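J.: Spelled out, the chains give:
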Amino acid sequence: MGLKTEVLIVGGGATGVGIARDLSRRGIPLILIEKGDFAFGASGRNHGLLHSGARYAVTDPQAAKECIEENRILRKIAPHCIEETGGLFISLPEDGLDFRDRFLRACEKVEIPTHLISPEEALHLEPGLNPDLLSAIQVPDGAIDPFALILSNAREAEAHGATFLLHTEVLSILSERDKVKGVRVKDQLTGEEYSIETSFLINATGAWADHFLKPLGLRIGIALSKGSMMITNRRLSQRVINRCRPPSDGDIVVPNHTVSILGTTSVRVMEVENFEITPSEISLLIHETSRMIPSIEGCRFIRAYAGIRPLFMEEEKEEDRSISRGFVLMDHEKRDGLKNLITITGGKLITYRLMAEKASDLICEKMGVNIPCSTHLIPLPGADQPRGLKERLKNLPMGETLCDCELVKRDEVEALLKDKKLKELQDLLHRTRMAKGTCQGGFCVYRLLGVLNESEKEFGDSNRILKGFLEERWKGIQPILWGSAVKEEEVVEGIYKVIFNLKS
Amino acid sequence: MQHDLIIIGMGLSGLMAAKTALDLGKRVLVIGKGMGGLILFSNTIDVLGKVPETLPLKDGLSHWIKEHPEHPYSKTGVEGIEEALSSFVSLFPPPYTFHSLDERNRKLPTAVGTLRPTYLFPSTLSGGVFLKEGNTLIVGFKGFKDFYAAYMAKQFKCRYLTVSLQEEGLPELTATYLTRQMEKEEVRERVGLEIKNSLRGETLIGFPALLGLNDPVRIKAHLEAITGGEIFEIPTLPPSILGMRIFNRFKAYLLERGANFLQGHKVSRVEVKGSICEGIEVFHPPISRFYSAPHFILATGRFIGGGLEAERERIVESLFHLPVFSEAPREEWFGKNFFDSHPIHRSGISVDHSFRPLDHNGKAVFENVRVVGTILSGHHYIDEGSREGIEISTGYWGVKRLFE
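Chains as they are written, first to last, in the numbering used here: chain A, 1 to 504; chain B, 1001 to 1404.
Hints were generated in silico from the structure; no laboratory data involved.
Here the structure is a predicted model, which means the values were calculated and not measured.
One thing to keep in mind: the hints can contain errors.
These stretches of chain B come out as covered by chain A in the derived footprint (C-beta under 8 Å, 3 or more residues) [as the list claims (entries may be wrong)]:
1. 1101-1113
2. 1140-1148
3. 1234-1241
4. 1296-1305
5. 1336-1343
6. 1382-1394
Below 20 Å or equal to it, Euclidean Cα-Cα: the simulated SDA-like pairs (lysine to any residue) are [as the list claims (entries may be wrong)]:
7. Lys423/A with Lys457/A
8. Lys1363/B with Lys1336/B
9. Lys503/A with Arg1346/B
10. Lys214/A with Asn256/A
11. Lys487/A with Glu1317/B
12. Lys1336/B with Phe469/A
13. Lys390/A with Arg235/A
14. Lys487/A with Lys1336/B
15. Lys1132/B with Lys457/A
16. Lys1336/B with Arg235/A
17. Lys409/A with Lys1142/B
18. Lys423/A with Asp187/A
19. Lys487/A with Ile1039/B
Simulated DEER-style distance windows between Cβ atoms [stated by the list, open to error]:
20. Arg1312/B with Glu271/A: 46 to 56 Å
21. Ala1328/B with Gln238/A: 38 to 48 Å
22. Gln188/A with Ala1252/B: 35 to 45 Å
23. Lys390/A with Ser1090/B: 34 to 44 Å
24. Glu1278/B with Ser283/A: 36 to 46 Å
25. Val1129/B with Pro381/A: 53 to 63 Å
26. Leu1115/B with Leu329/A: 34 to 44 Å
27. Asp1215/B with Thr190/A: 48 to 58 Å
28. Gly86/A with Phe1290/B: 44 to 54 Å
29. Val1089/B with Gln238/A: 56 to 66 Å
30. Glu271/A with Phe1261/B: 26 to 36 Å
31. Asn1368/B with Glu391/A: 57 to 67 Å
32. Gly1264/B with Gln238/A: 32 to 42 Å
No residue lacks a Cβ here, since even glycine has one placed at the ideal position from N, Cα and C.
Chain B with its partners taken away, still in its complex shape (with noise of 0.2 Å):
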């Protein structure tokens, strides 16, 4: 079969190029060796956390463009941003969507009582911008370690209950096991029965985010109809349900539209002509196969995705062996304490307007291959709050520009 375009990696970027290319009418090809940081990170999607409350968020991104001209958002601007954020809320078609509350960071609750700032978040989280000193019951499992709801009440000076869904002794429970288990209607009547007669005039009750993996909005209404509280889901330790409604929800997308889906393969080679990237090897045990098109996008992630590997004295790109720009020389990858900000996380692949990787001279490297996703240079996610802003954005604009 014929592929317009073959996109390595299936993390947020990856699978956010793959919907903009199929939208444009595209024959593609999405190759990944798992969920990427879905399943670990992406509780909500974060655009610019830096960004105050105060300030609508869209005036806070122009203004962080202007003294950041080398990130990945001064390359889609923010009406750029806006726009490919508007195509992945319209993935997501009612009852659960995703929205921002009046276009502004929002800051909700932590596992450890802290709170967070997020852009956009899908409903079933919103109840925690309410969250105040004992007006919420946190709920956990006994015997899921992932979540912690002694912890978290503590530090809000809230109450708490830790349900037990099955007897003493068993195995442990794991996050998907709760989640299939909230989708049955009489653990359901369980829970919130315990739940209701442990309320002591708390309004809000603060859930793990295990509400069930395909209908949380029902499953959350049924608990808000049988408690009379409001339900809120809290992102645990991962792995995330939350990111997997979204990687579920992409997939069933790019299925129906007739996108060729290779989950749980990696690439093993590419086939490279001085600038052109003929075709890549795909390893599919026993036998490899061969895949080419006209065009590639490379959305492999960073050291987690394997995008990114760390040799004991340089970084480099694992799969094309391009240019890796580093700010910080070897011995200062990393800051003396675990709070700083590690260098290491600014390094990455550098590209031009449309994507196409760049060497030291400013010269694109690859005719045919678009870099998009955290692997590229120019932002520090975690200090910034903008890992799935810049997934998105740059997933979307790294195809749009493509095809324009």
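Only chain A is shown next, with the shape it has when bound in the complex (with noise of 0.2 Å):
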């Protein structure tokens, strides 16, 4: 088998199927592959933050105002995906008021609208800071779904009739002379190996970038840089709410849903894959953010997880922290003397459509196609859904619940089951909330096999995919595991190790 088209995205993260909304608005034919399910990198490790951009507006003010644009623009195009939480910057005894002055001015200069307020207003709005602050600041913060932002993205896409391969890794990249023409594949699930040609190639593989160029001898310098965070088993503020001070590790808590997000650490990594969160980066995040809200210390975590930042550097620099956070786009013509091909990596979740619409327009331009980008204009599909816990609840589907933690009914996960695109447990977990909550799918996960099982579409053999998925999942518990997670824990050795006598 063999698939032609005319341009061909490598990446399912935001930023690729970003380009493929927009260029299939556009009207221009394209497949995107991606070797895992969407969001497989950076676009689904993050604290899903809507950006006001305020943090980097003392330190980075094209980023700044790149996010406060696009911030605007989201809420306009996927309010479905956002929770308008507003945030706060807090400014505590040790930080001085000397950097929150700076701050106030730099927001100004790039229109970040910040209201400031005093402590006593602060901690009516949110009464688990810490009552030793100084000062706060609103911004227009928020909370964004970045897996819902992605999947609207790539509906509407596959409605103007762009085609999506998951689970599909590029094997090789074949060229001749000053031209990619196209990719050999593999379908991960079937082992069927094919090729895809193409007249356009776009590198959106975020951390993979480097390595995605390397066949071809091209380099174009991205430091990894690890980011690591916690989430507790409770929402913890209302808001989302940042340390004012320069950026640095434990200084933000996203609220998501039922459960609060604490990031990050910055720690330089060789790898794109396998790393690890360390020991000293929990005990620095539950530091450093029980500075902002204390109860934080005592706090039941359900998991840890972290995500590789891909950041763009023209020169070594010793600190990552200082490297921009604004994303590059590179025309391989110009600088490598390849017609067809061109990256688009680095910048943040939040800019994903704005580096959409910079890359569409590059191929555009190398195409000949004059059609301006209209994916700021026009609302994403389910934008006009009910959104929000209060809806969901109004309209829970039947069924036995499958997933106590986050409320996932059996009817819920049938609907997704007669999508054949699904390939495995995965793809099923990314799109409900189940595995998510307390328990982080220690119950619910043999109730979904179960399920898959009667419905006669499970994805091989149900006892290998819970032993694997038990595998995934402890990788984000191992690093918690202290106080009463270590209960829960007992409990579901109990149930896998003795009850089903599962072994490894």
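Join the two chains, each given in its own frame, into one complex according to the hints.
T.: Dropping the structure here:
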């Protein structure tokens, strides 16, 4: 089998899928391939923060400006993926007020609206804050669901004729002299190998950008910066809480549905995959974020995870936090003499649409197509759907509750099973709230597999899948096992190792 | 009222200790937050799952004790374990009896299609031993989320049947609801008939362990009469009806013999003077009451039961702040993989021959407190398949040695 297309996008993160939406709206035929599921890399491993840009106002005004502009656009086009929580930047006694004043001026310059409030007002809004705070500044931060955002983009792109091939990995790039001809790929699940010919190739592989270019003898200079995050078992604040000081470790707490996410660290790593979260990162995150919200010290955590930020650097810098969080769009024709290849990487989730616009503009320019971008004007599919917990509870589907932590009903899963593109357990987990609650799938994944067996839709041997899931789950759980989390872990071990007698 | 002994904890070890004390004519107070691990785990009585079926369990145990002098079993010895198990078995008169097959471990089928070795089990589970590809029909209930017949059947290459007990759209079914339903004759008639009509030559019928709380043997016999097949029960996700049957039997026995049974109450404080525990304070909302006795048994279990607590950097015993023995430093509590043997589960309280808790110099910390059950150090019940055996034998001998 072989496929042929006009534009081939590699990478199913926010950027790649955003480009697919953009180009397909402009009527350009395209295929997107992704080696895992959507949001396999950093797009699925971040805080879910709808940045106001304020965090970068002092250190990186350009990135800050992009953030606030995109923030305004996303509120319009993707309200169903956003919770408008608002955010606070709080100053603690050890921070002083010098940075705060610079921060206020810098925000004003890039037109990020701020509102300075007193400690009393801040504590009234957020009673969990450190009562010693000196001041707080309101900014238009929010929470965003990256996966829902990507799925909405993909849905629209598909409606405009784009093709998405998930679980499809690039084996090699086919090229001749000054041109890329296509790629050879492998279907990860069936093992089938085939070629895709294309007129234009877009490298939207994020942290894998250099890895992808390597066979062509190219390198663009990506620093891999690991950011670790921790999830609490309850929501600690209604707003995003930031520390008002220069960007540093453990300076943010983002509310997300029923939980909060603490972030982050910044550790340079060499490998894009196979990284772990160290005990010192855990201690650091708890220590720093509990300065802002003291109850974090005694909190129960349900998971720790990390993502790799691809940071573009023209020259080596000592400290990763000083590298711009802006994005890079590279035309390999100008740089390396390869006519039809471009790379887009770096940036932030919040600027995915802008990145997609710029990349699509460049492709259109190369193709000689003169249709303007419209992704900032038209709401994404689902934008008119009711949203929020209240709406969800009102419209709860029927059937047994498979996931008690996050109220996922059997009928919700059965509706998803009609989608033939879902090829593995994780695809289902990504598309529901399953395994995202307190037990992290300790109970519900067995039930999910039970339903799959009844529906004749299991994706292979159930025990192999179950054991694979338990090992994957363990990676996120193991770093946070103390306190009451250990109780639940003993129950989970009791179920799978004792009652079910499963062995590795 | 005066008590000779106060037992803290209502899991299998605490209940076993209470029974033993009552059998010796003692006045006993048992206090517990809940049902202990019985509602979660106790599906059958595991003594040492590691012993192969080819060997009499006794021989395997002797060998194990020789190799593991620090194990709780080495405090009781093989004969001691057997004596304790007989005492447990004697609690269950026919027809719902616990027994072994040839005094060896036997493998019973699980809900995910594996076989698990266990030692004593009630007769309602025995049929599982004969499960073979194609000879069993696995039955499940629509709307019951803690057991999926299709999952198990596919693993064993058998057929399955999902019975519908209610109309679509009603709330989900729980294990306790289904158990009560199965106690009704007319429900059994319906279910039995549906099973009968679905049999295609199968002689065995696997049923989730929901065959009533009170008279499972009669319920099994009734279903067998209707279907013509042999029924066996299969353990489900918690809550465990099999464990509840054990709990209920103990509770009835203890109450009959005059034990004071304080279920649903938490010990809020212990009163200690030197190496003597003078009494305990129990919180009965909205008041607290003080209970004293010459002897105390601590049977509070591990992390689930709340006997042990894992703080950020260390493991503590919650009530008496007893020294906790831990083989592994903090960073090695848990292995890299879920299916590793996690060293944290080996930590616990170290005791002397009469089950008194020891400090790090090997000296008894309390004269009148005995520690029994899974909270003890030196075992790994998850890996060993030894949970109930440890609970029964230490609960029994903790009391026996106290009054000997």
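J.: Take the hints in turn and mark each one as holding or not.
T.: Hint by hint, here is what the structure shows:
no.: 1; hint: 1101-1113; in the structure: holds (count 4)
no.: 2; hint: 1140-1148; in the structure: holds (count 6)
no.: 3; hint: 1234-1241; in the structure: holds (count 3)
no.: 4; hint: 1296-1305; in the structure: holds (count 3)
no.: 5; hint: 1336-1343; in the structure: holds (count 6)
no.: 6; hint: 1382-1394; in the structure: holds (count 4)
no.: 7; hint: Lys423/A with Lys457/A; in the structure: 10 Å, holds
no.: 8; hint: Lys1363/B with Lys1336/B; in the structure: 35 Å, violated
no.: 9; hint: Lys503/A with Arg1346/B; in the structure: 19 Å, holds
no.: 10; hint: Lys214/A with Asn256/A; in the structure: 37 Å, violated
no.: 11; hint: Lys487/A with Glu1317/B; in the structure: 14 Å, holds
no.: 12; hint: Lys1336/B with Phe469/A; in the structure: 14 Å, holds
no.: 13; hint: Lys390/A with Arg235/A; in the structure: 16 Å, holds
no.: 14; hint: Lys487/A with Lys1336/B; in the structure: 19 Å, holds
no.: 15; hint: Lys1132/B with Lys457/A; in the structure: 24 Å, violated
no.: 16; hint: Lys1336/B with Arg235/A; in the structure: 29 Å, violated
no.: 17; hint: Lys409/A with Lys1142/B; in the structure: 14 Å, holds
no.: 18; hint: Lys423/A with Asp187/A; in the structure: 11 Å, holds
no.: 19; hint: Lys487/A with Ile1039/B; in the structure: 15 Å, holds
no.: 20; hint: Arg1312/B with Glu271/A: 46 to 56 Å; in the structure: 29 Å, violated
no.: 21; hint: Ala1328/B with Gln238/A: 38 to 48 Å; in the structure: 40 Å, holds
no.: 22; hint: Gln188/A with Ala1252/B: 35 to 45 Å; in the structure: 57 Å, violated
no.: 23; hint: Lys390/A with Ser1090/B: 34 to 44 Å; in the structure: 57 Å, violated
no.: 24; hint: Glu1278/B with Ser283/A: 36 to 46 Å; in the structure: 40 Å, holds
no.: 25; hint: Val1129/B with Pro381/A: 53 to 63 Å; in the structure: 56 Å, holds
no.: 26; hint: Leu1115/B with Leu329/A: 34 to 44 Å; in the structure: 58 Å, violated
no.: 27; hint: Asp1215/B with Thr190/A: 48 to 58 Å; in the structure: 53 Å, holds
no.: 28; hint: Gly86/A with Phe1290/B: 44 to 54 Å; in the structure: 52 Å, holds
no.: 29; hint: Val1089/B with Gln238/A: 56 to 66 Å; in the structure: 58 Å, holds
no.: 30; hint: Glu271/A with Phe1261/B: 26 to 36 Å; in the structure: 59 Å, violated
no.: 31; hint: Asn1368/B with Glu391/A: 57 to 67 Å; in the structure: 60 Å, holds
no.: 32; hint: Gly1264/B with Gln238/A: 32 to 42 Å; in the structure: 36 Å, holds
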